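Number of protein chains: 2
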Amino acid sequence: MKLKVRCLDLDAGGKTIVILNKNDAEELGVHPLDRVVLTHGKRELTAIVNISELFVKKGEIAIYDEVKRELFVNNKDVINVKPREELLSKKSIKRKINGLRLDEREIKEIVNDVLEKDLNDLEIAAFITALHIHGMSIEEVVALSKAMASGGEKLELNKKMILDKHSLGGIPGDKTTLLLVPIIASAGLTIPKTSSRAVTSPAGTADRTECLCPVSLDIKEMKRVVKKTNGCIVWGGSLNIAPVDDLLIRIEYPLNLDPLYMPSIMSKKKAVGATHLIVDIPTGRGTKVKTFGTAHELAKDFIEIGRRLGIKTRCAVTFGEQPVGNAIGPALEAREALETIGNLKSIDLVDKACSLAGTLLGMVGKGNKTTAMKLLKSGKAEKKLRQIIEEQGGNPKIKPDDIKVGDKRVTIRAKKDGTVMWIKNAELAEIAKLAGAPKDKEAGILLHAKIGSSVKENQPLFTIYAKKLYKLKEAEILARQTEPIIVVKNLSKEMLIKTIEDHDGDRLFFALER
Amino acid sequence: MKLKVRCLDLDAGGKTIVILNKNDAEELGVHPLDRVVLTHGKRELTAIVNISELFVKKGEIAIYDEVKRELFVNNKDVINVKPREELLSKKSIKRKINGLRLDEREIKEIVNDVLEKDLNDLEIAAFITALHIHGMSIEEVVALSKAMASGGEKLELNKKMILDKHSLGGIPGDKTTLLLVPIIASAGLTIPKTSSRAVTSPAGTADRTECLCPVSLDIKEMKRVVKKTNGCIVWGGSLNIAPVDDLLIRIEYPLNLDPLYMPSIMSKKKAVGATHLIVDIPTGRGTKVKTFGTAHELAKDFIEIGRRLGIKTRCAVTFGEQPVGNAIGPALEAREALETIGNLKSIDLVDKACSLAGTLLGMVGKGNKTTAMKLLKSGKAEKKLRQIIEEQGGNPKIKPDDIKVGDKRVTIRAKKDGTVMWIKNAELAEIAKLAGAPKDKEAGILLHAKIGSSVKENQPLFTIYAKKLYKLKEAEILARQTEPIIVVKNLSKEMLIKTIEDHDGDRLFFALER
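These protein sequence lines map, in sequence, to chains C and U.
The first sequence: position 17 = 17 (this note's numbering), numbered continuously.
The second sequence: position 501 = 501 (this note's numbering), numbered continuously.
Hints are computed from structural coordinates only; laboratory data are not their basis.
Pairs involving identical chains hold if they fit within one copy or between any two copies, as the list cannot separate such chains.
Computed list of lysine to aspartate or glutamate pairs in EDC-like fashion (alpha-carbon distance at most 20 angstroms, straight line): (1) Lys68 to Glu44; (2) Lys94 to Glu139; (3) Lys467 to Asp24; (4) Lys82 to Glu474; (5) Lys15 to Asp118; (6) Lys57 to Asp9.
None of the values given here were measured: they were computed from a predicted structure.
With the rest of the complex left out, here is chain C (with noise of 0.2 angstroms):
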């Protein structure tokens, strides 16, 4: 069909729409969200179909500035719009929700067809829903990490080990990573590490890492500070590794599911080209892996698919019932990774490090825990990591008392005298982030007193920071509802915990929570 082109003047956010009449849409046997072929002269394009009855009038094609730009066309050319014949990913994608398995060809071509923004948001959102009802197979996922992988940038270092380290996070405060990847490369191994954002924690590493220096570089600035320090600590989003991820999780973030967890993780080592992994399962109540059975199964999953991607993996099971350190919230975390990197300030995230470190040096034959302890003692991790900081831009010399933290504050204190038995991390992350974090670098929280700690009445429990008062004000009415640090008095005699009165049947499935 022939139409007449009315450019919009509008961007559509990187999309390529077209708005067409409604007859000509029914003509064309099209409906809204459908994929139209577009042709002018030589050139030919793909588009998404809006429909309007009344804005566009028959004969005509509005189009977005992005369809502009790629189909080279003006306002009154005429184009010819045909409809797109039906994408084999879409039959995929049925047969999945159908509950059968993807075979890897089926797998490479839906990962492609959702990089090149043929697959529209409602099939996507219909794929993500069925992969989190059916599950994956360890082929489905072994396939989908290889696809994700392909479709972006690598990281080519010719070296013969590339070690690694992740995280499954869900515990506040857990500024691990960055103790962990100087120690490793002072140990005179490469580890290249990309992190996350926040997404809905108060920090992730790449927020933290942030306080100290840049974290966006692009994959040839990774590379070279890597060549020269042998680690890095950068954030994965600007690099354009497994890129495919980022349009995945713009849906699976609304709908609250995340089945691709695997393959997102995995894709993302393969492409730095790692060849050795730890992963971090933090475990217990409070954190995403409740119990040790479950952290058992995920990490024996964990082995198996890094076995068929050619990186050997090992898991960490950690106390996840607590935060890691006193320190919620990129720059008050930012500040304690530095003391303790320099002077051992939190003995907790001097273990937690030390182990995984430790047991990374295992794997490759260089050590165990007690050579990360050294490196660490000896100062030789922190020389390291001030030189990565260098190397990425930031001030090398840069003391804890340089990173700014929140001037407003709050400070909660103990109702009574006893024993801290039970910290609420969920709790924690949403004051911290009332409090402003992560946008808010300076704001966050910091704790006084840990489980186990003995506590006398009005003794302070932790103090909230912010940037702005009224952040403080909406984070201290949260802290003061939820009181996320409970104090006993006499464990032995409280007895009831809870009193349950009706019971709607919710069933335990194995899916991680965001």
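Dock chain U against the given chain C, drawing on the hints supplied.
Okay, now just chain U, sitting in the frame of chain C:
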């Protein structure tokens, strides 16, 4: 957050959409497709979030016409913007995704939030996918039928008995309703029939009826016609009964999923106040329901759900392996219906209409198939149809030849002597659609042979009718490729149907094809 309005002078197709700057969206903690609550003076409105990095500046909010109108704001007005609290229905959808049953209250809320456009398209897509995979309990179907019926107009006729008919469809050329409604109405019984237009078929009952008289009546006009004639055949889409169905179909159609067919049907019957219902289940190869066993299962569900909704329901399993009558396409079918109600031209159409009408008459103690035959043969049914045509605004004296059919024609002939053993419904439908149906009402197919017919070489099998020559050509190409009417010379000697070389594990699901 206070933001300054910028009007886009663009229509968003009925949606209330605003565009926020990326930084403001982060500050508010909202993502694309999230909802925000806008307030200006005393007016409040919920809107869908789009996000732009450059097109909208920080501190600005770009609004589509719908927002401008409903919030009553203008350029440079400053409005307050805040994120909307999480919907309960979002949590219910998550529960359904996780395989749990929903209760009546949860279903009511979901239906309401779809109707109010508070749930976004991704959430609806995830809900539909989950319904397709997990299925629904009888209780859920009943609750959905009630909730969907209560969300729109209702027909209040104040009659003790209201009869109705529904067909699951799937075979081309089924014009049974055009005979059944007048038969029932001429027996003095009330039958306020609503019908749909074609979605994927060459003609829906509304399309066929529109060749005889207008069908886009509103609920008041429909009521007047039924009061005067006892019956009507109107398009359901113009009545605003169970309007949520259209909002769901908008998502189901591109996904090619139809898990809500049962509540979709029953909500509409409920909304017109039906007390007695006959459901036609065309069964056989080449239609939606392949086997008698499946038809039986489906019938049990219909009867039980009808019982719980206070609608006495019976099901008719009918022969679905070939078209009903000989005509396919709106005009050709309307003509055949008129010829058959007048002088019994199509034997199978007469049989089907009288069987179904007879069952309905039996359900209310007013006769049987013989009664229906008498009403047809005596001319009473025809007189009633003409009365309905007149009241709906058509010409009551219309003759078959007054209905214009396509003058571009091509006839496909038998390649050998033999017997028609098999007619491919889906291919016939595809050919009729390529010829222009249902948009070109004059386009379609007239069959000259049906299953069991003996044909000689070169004898006409069917004629394709079209309005436009290029459409006729396309239809002819497909007709010659697919051979929709299979003539077999000597069946008992031709034993091999097909060889199967591979099997990819297809599973039979109890879901209707669209």
